[in-house]
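Trainee: The primary structure of each chain is shown beneath.
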Amino acid sequence: MDPRGVGATHPDYMRAESGVRSWLLTKDHKRIALMFYGAVITFLMLGGIFALILRTELLTPETTIIDPMTYNQMFTLHGVTMVWLFLIPSIPAVFGNFVLPLMLGAKDLAFPRINLASFYVYVASAIIILTAMVLGGADTGWTFYVPYSSTSPTAVTWMGIGIFVNGVSSIMTALNFVVTTHTLRAQGLRWHRLPLFVWAIYGTSIIILFATPVLGLSLLLVAADHGLGLGIFDPRYGGDPVLFQHLFWFYSHPAVYIMILPSFAVISEVVCTFSQRPPASYRAIAYSSLGIAFIGFFTWGHHMFVAGMSEWDAGVFGGLSMFVAIFSAIKVFTWVATLRGGSIAFSTPMLYFLWFLFLFVFGGMTGVAVATQSLDVHWHDGYFVVAHFHFIMVGGALTAFLAAAHYWFPKMFGKLYDERVGLLTSVAVFIGFVFTFLPQFLLGNAGMPRRYYSYPPHFQWLNVLSTGGAWLLGAGLILALINLVVALKWGRRAGPNPWGSRSFEWITSSPPSKHNFDVTPIIERTPYDYHLSEEDARARSRAS
Amino acid sequence: MPVRAVELAEQFETIEKQEHAARLAMWVFLGSETLLFAGLFALYAAYRVMYPADFHQALAHNDTVLGTVNTVVLITSSFTVALAVHYVREDKSRLAALLLGLSVAFGMTFLVVKFVEYADHIHHHALPAGMYTMANAPPAGAVMGQTLYWFMTALHGLHVVAGMIMLGVAAIGCARRRYGRHRFIIVENSGLYWHLVDIVWIFLWPLFYLVK
Chain A
1 MDPRGVGATH PDYMRAESGV RSWLLTKDHK RIALMFYGAV ITFLMLGGIF
51 ALILRTELLT PETTIIDPMT YNQMFTLHGV TMVWLFLIPS IPAVFGNFVL
101 PLMLGAKDLA FPRINLASFY VYVASAIIIL TAMVLGGADT GWTFYVPYSS
151 TSPTAVTWMG IGIFVNGVSS IMTALNFVVT THTLRAQGLR WHRLPLFVWA
201 IYGTSIIILF ATPVLGLSLL LVAADHGLGL GIFDPRYGGD PVLFQHLFWF
251 YSHPAVYIMI LPSFAVISEV VCTFSQRPPA SYRAIAYSSL GIAFIGFFTW
301 GHHMFVAGMS EWDAGVFGGL SMFVAIFSAI KVFTWVATLR GGSIAFSTPM
351 LYFLWFLFLF VFGGMTGVAV ATQSLDVHWH DGYFVVAHFH FIMVGGALTA
401 FLAAAHYWFP KMFGKLYDER VGLLTSVAVF IGFVFTFLPQ FLLGNAGMPR
451 RYYSYPPHFQ WLNVLSTGGA WLLGAGLILA LINLVVALKW GRRAGPNPWG
501 SRSFEWITSS PPSKHNFDVT PIIERTPYDY HLSEEDARAR SRAS
Chain B
1 MPVRAVELAE QFETIEKQEH AARLAMWVFL GSETLLFAGL FALYAAYRVM
51 YPADFHQALA HNDTVLGTVN TVVLITSSFT VALAVHYVRE DKSRLAALLL
101 GLSVAFGMTF LVVKFVEYAD HIHHHALPAG MYTMANAPPA GAVMGQTLYW
151 FMTALHGLHV VAGMIMLGVA AIGCARRRYG RHRFIIVENS GLYWHLVDIV
201 WIFLWPLFYL VK
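For the record, the sequence lines run as chains A and B. Each residue of the first sequence is one higher than the one before, counting from 1 in the working numbering. Each residue of the second sequence is one higher than the one before, counting from 1 in the working numbering.
These aren't lab readings, by the way, just hints derived from the structure by calculation. All values reported here derive from a predicted model rather than from experimental measurement. The reader is advised that the hints may include incorrect statements.
What the hints assert, rightly or not - List of simulated lysine to aspartate or glutamate pairs, EDC-like, C-alpha gap at most 20 Å:
#1 A:27 - B:198
#2 A:489 - A:418
#3 A:27 - B:13
#4 A:27 - B:117
#5 A:514 - B:188
#6 A:514 - B:10
#7 A:27 - A:418
What the hints assert, rightly or not - Over 12 Å on every C-beta distance to chain B, these chain A residues come out as not near it, computed from the model:
#8 221
#9 332
#10 334
#11 453
#12 485
#13 525
No residue lacks a Cβ here, since even glycine has one placed at the ideal position from N, Cα and C.
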């Protein structure tokens with residue numbers, strides 16, 4: 001085998017063809033992943049700009065830079081952009097698309113055309129959402145609670161349709177991943193030899209497939225209520241607004257796991273690679289993803305403790321919600337146990353793992369607290385909840401996204417980024433994050449409601465801290481982006497496997513050739529055989 | 001016309017795997033589609049429990065005979081689709097094309113009957129909520145019964161149209177001998193989709209026509 005990796009004899013996927021057309025009409029999963037990459041980073045920046053404007057407005061209790069109506073529209077857009085255009089597609093559509101087929105020893109996903117179509121459907125959904133924004137946005141928050149959303153004078157109908165279309169794109173991607181995992185595994189790659197990344201993306205795809213249609217339906221009904229006056233949730237026509245909340249959260253709570261399971265996927269790979277150890281328990285990590293995927297469907301009620309639910313029901317939903325913490329804890333303990341006795345390299349992705357661990361455990365523990373009915377009644381719709389879900393969804397998903405962006409950078413582009421700048425930006429992101437959201441726990445506990453434009457003056461110092469943190473977080477992210485972009489052009493050349501990983505995506509060249517492998521590999525080992533030397537590991541994933 | 005060779009996509013090693021992938025994808029997709037309707041069935045159940053008498057009043061407008069005729073039409077179309085799948089596997093592509101064409105015609109019959117019903121509802125002023133002014137609206141529960149009837153049957157109708165397009169494409173492929181014993185997965189998958197459309201209606205029929 002060529003020491004540069006399987007496939008090194010061919011030009012890499014970026015140079016295999018040239019011209020704009022060869023990109024826009026490509027069916028290569030790696031190029032589609034890069035197009036998604038560009039799109040989700042654009043929306044991360046857009047959502048981030050909205051966030052910074054919101055935080056800047058909250059520097060003072062009165063008007064600082066924008067008026068109240070603009071503020072309402074902006075927090076809605078911040079939520080919609082971040083949830084549907086960044087958090088949900090980010091890791092699966094970018095890194096899932098890029099490395100999942102490589103990890104399976106496959107030449108592509110099962111349905112390359114559907115993969116390309118899912119990108120364009122995603123773009124179409126973004127255009128509809130941005131059009132709605134130009135038409136006046138929406139002032140409902142990303143949860144679109146009726147009856148307000150069905151009567152709001154803003155462009156709720158368009159927003160709902162945009163998110164419905166976005167769901168179609170998610171379903172297409174998820175369908176592709178599930179079928180690919182079932183049908184395109186290389187010879188010898190049994191289920192228990194799959195990289196943990198694949199298990200978690202598989203679990204995520206199952207949630208997407210079964211939860212997204214319900215969300216699509218609920219938002220379609222809201223759009224119909226708003227646009228046609230259908231009144232399915234309108235009390236004037238016998239409708240029950242609480243039913244909307246049931247339908248909405250039946251999707252949207254599992255959606256939290258759609259955002260966080262891919263993060264687990266990344267973290268599992270990073271931990272093993274940078275401690276040069278197999279996972280302490282492969283099955284515990286793999287099956288707990290499926291456990292979360294399953295239990296996630298029975299937790300929606302905890303969003304509605306104060307919406308007229310019996311104490312008994314609330315108790316059951318609270319208990320079921322806490323059940324998720326057991327699976328999460330299994331993962332956390334297994335990752336930590338993996339480090340034991342490992343030869344740990346504190347490189348940038350590993351540092352992001354540490355931040356992830358802290359933020360996820362902190363966010364998760366406050367989640368258990370919020371799932372407790374009596375505490376939830378106090379914290380409901382306050383900044384405590386805002387801080388909690390940002391710790392999980394942003395602290396978890398964003399740090400994992402950054403870990404992945406650094407970890408697979410050499411694989412995707414064949415270059416190395418500047419490690420010192422990487423470490424520095426990582427620290428800036430963490431400190432910025434903590435300063436942004438830790439004060440919000442205190443604000444929420446003291447009684448500041450979410451989404452409010454104004455607040456009593458004694459809350460100001462915490463708001464100032466939070467806004468300062470947000471600006472530091474933003475600066476850290478921009479610096480991280482600059483570091484990677486600079487490395488694209490001037491970075492040192494990376495070998496096929498710069499981290500010494502045993503996972504299968506590293507057996508091909510970096511960047512991979514158009515068809516990933518010259519010949520389909522035969523896999524005779526697990527992806528975490530760190531007791532084998534790199535040469536032995538290569539030999540056991542030899543070309544057929 | 002010569003039979004075209006099966007195209008094996010480069011990411012698959014064998015035709016069997018490729019077909020397995022297509023079949024699996026369709027089943028998973030159908031599972032996903034079922035969840036779309038499941039939300040509506042849940043809404044129906046919740047509102048029906050809330051307003052049992054009003055729903056009775058609302059659905060009394062519906063003509064059981066027309067609903068049943070449509071059920072028979074759809075079941076028959078599923079039978080012709082199943083036959084088409086059988087014959088395309090036996091390489092009788094022309095016959096399969098004919099049967100698929102017939103199924104599309106049944107789909108069209110279903111839609112025509114549905115439009116006759118809708119016209120009748122409009123005539124009797126059995127409309128979804130937004131069409132009423134507050135003064136002349138029937139009781140809230142009855143309005144909700146009609147709204148759900150319209151929304152659920154309309155969404156099902158859209159699926160009928162999608163299914164007819166799929167069957168139509170499969171029929172043209174069969175007529176041109178593009179599909180036959182060598183390649184029938186597309187016919188099979190469009191057939192599966194059509195059965196979903198049929199099954200959803202089998203649930204809508206008792207909810208809106210029989211359980212009054």
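Trainee: Against this structure, judge whether each hint is valid.
Mentor: Here is what the structure says about each hint:
1. A:27 - B:198: Violated, at roughly 34 Å.
2. A:489 - A:418: holds (12 Å)
3. A:27 - B:13: holds (18 Å)
4. A:27 - B:117: violated (46 Å)
5. A:514 - B:188: Violated, at roughly 32 Å.
6. A:514 - B:10: holds (12 Å)
7. A:27 - A:418: violated (32 Å)
8. 221: violated (8 Å)
9. 332: Correct as stated: the minimum Cβ-Cβ distance to chain B is 31 Å, above 12 Å.
10. 334: holds (29 Å)
11. 453: Since the minimum Cβ distance to chain B is about 32 Å, residue 453 of chain A lies beyond 12 Å and the statement holds.
12. 485: holds (31 Å)
13. 525: holds (21 Å)
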